[in-house]
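Chains R and E are the protein sequences, given in the same order. So in our numbering the end of the first sequence lands on 116, straight run, no missing numbers. So in our numbering the end of the second sequence lands on 111, straight run, no missing numbers.
Don't read these hints as lab results, they were simulated from the structure. This one's a predicted model, so the numbers in the text were calculated from it and none came from an experiment. Errors might be hidden in some of the hints.
The calculated label-pair distances, taken between Cβ atoms and stated as ranges, are [said to hold, decoys possible]:
#: 1; chain 1: R; residue 1: Gly16; chain 2: E; residue 2: Lys79; range: 24 to 32 angstroms
#: 2; chain 1: E; residue 1: Leu108; chain 2: R; residue 2: Gln80; range: 34 to 42 angstroms
#: 3; chain 1: E; residue 1: Pro14; chain 2: R; residue 2: Ser66; range: 36 to 44 angstroms
Stretch by stretch, here's where chain R covers chain E in the computed footprint (C-beta under 8 angstroms, at least three residues) [as the list claims (entries may be wrong)]:
#: 4; region: 45-56
#: 5; region: 83-93
#: 6; region: 102-109
In silico DSS-like cross-links for lysine-lysine, where the CA-CA straight-line distance does not exceed 30 angstroms [unchecked claim]:
#: 7; chain 1: E; residue 1: Lys2; chain 2: R; residue 2: Lys57
#: 8; chain 1: R; residue 1: Lys71; chain 2: R; residue 2: Lys57
#: 9; chain 1: E; residue 1: Lys79; chain 2: R; residue 2: Lys57
#: 10; chain 1: R; residue 1: Lys57; chain 2: E; residue 2: Lys98
#: 11; chain 1: R; residue 1: Lys11; chain 2: R; residue 2: Lys71
Using N, Cα and C, we set each Cβ at its ideal position, and we do this for glycine too.
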Amino acid sequence: DTGVSQDPRHKITKRGQNVTFRCDPISEHNRLYWYRQTLGQGPEFLTYFQNEAQLEKSRLLSDRFSAERPKGSFSTLEIQRTEQGDSAMYLCASSLAGTSGSYEQYFGPGTRLTVT
Amino acid sequence: RKEVEQDPGPFNVPEGATVAFNCTYSNSASQSFFWYRQDCRKEPKLLMSVYSSGNEDGRFTAQLNRASQYISLLIRDSKLSDSATYLCVGGMNTGFQKLVFGTGTRLLVSP
Chain R
1 DTGVSQDPRH KITKRGQNVT FRCDPISEHN RLYWYRQTLG QGPEFLTYFQ
51 NEAQLEKSRL LSDRFSAERP KGSFSTLEIQ RTEQGDSAMY LCASSLAGTS
101 GSYEQYFGPG TRLTVT
Chain E
1 RKEVEQDPGP FNVPEGATVA FNCTYSNSAS QSFFWYRQDC RKEPKLLMSV
51 YSSGNEDGRF TAQLNRASQY ISLLIRDSKL SDSATYLCVG GMNTGFQKLV
101 FGTGTRLLVS P
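Work out the full structure: start from the sequences and follow the hints.
Dropping the structure here:
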């Protein structure tokens with residue numbers, strides 16, 4: 001499978017615990033994005049990496065959230081001291097950046113987080 | 001006011017019908033537009049990009065009207081498998097492409 005993959009697919013955690021999600025983008029894609037989607041809403045942008053550099057963060061990304069992409073390949077999203085409001089689907093997407101303007105983003109299957 | 005607005009539906013149509021969705025965007029700086037399809041509890045999947053000249057892919061036709069800031073999607077000869085939520089998306093190329101999603105329009109195609 002050459003698409004975007006995410007792990008785990010589901011995570012149930014107790015309030016106050018830390019969780020970490022992983023995303024493996026399409027191999028030739030140098031841009032990687034994290035989004036959050038809650039029920040009845042469209043995905044909301046959280047953060048963006050070009051290669052290993054995190055170039056943009058949304059105001060939605062509080063201090064409890066941190067994302068890394070250490071070698072410009074896979075990325076991790078960590079949430080510390082989870083709150084019930086963090087329950088959502090966390091989606092990763094990747095894209096190419098090229099002169100042809102191919103900016104289409106392709107999404108992984110998501111990690112569904114439930115905070116109890 | 002949301003940056004991308006869509007009628008949430010649901011649109012209930014019989015198989016074979018033609019159905020049209022519209023969405024409006026408020027940020028005139030938006031440069032790229034897309035329709036994504038999302039099945040229940042699945043990830044969004046790119047359906048088509050939307051160009052100013054309009055574009056067609058099989059039974060699907062997308063149009064962009066920059067003057068009125070709206071985007072449309074037309075589905076002809078609806079199939080049961082078209083039942084899904086259709087997300088309208090605007091993108092701004094500010095060094096990278098930040099996508100702004102609408103809340104989606106739900107389509108239910110019945111036999």
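Cross-check of the supplied hints:
no. : hint                                   : in the structure
1   : R:Gly16 - E:Lys79: 24 to 32 angstroms  : 47 angstroms, violated
2   : E:Leu108 - R:Gln80: 34 to 42 angstroms : 40 angstroms, holds
3   : E:Pro14 - R:Ser66: 36 to 44 angstroms  : 49 angstroms, violated
4   : 45-56                                  : holds (count 3)
5   : 83-93                                  : holds (count 4)
6   : 102-109                                : holds (count 3)
7   : E:Lys2 - R:Lys57                       : 20 angstroms, holds
8   : R:Lys71 - R:Lys57                      : 19 angstroms, holds
9   : E:Lys79 - R:Lys57                      : 40 angstroms, violated
10  : R:Lys57 - E:Lys98                      : 11 angstroms, holds
11  : R:Lys11 - R:Lys71                      : 25 angstroms, holds
The structure fails to meet hints 1, 3 and 9 from the earlier list, while all remaining hints are met.
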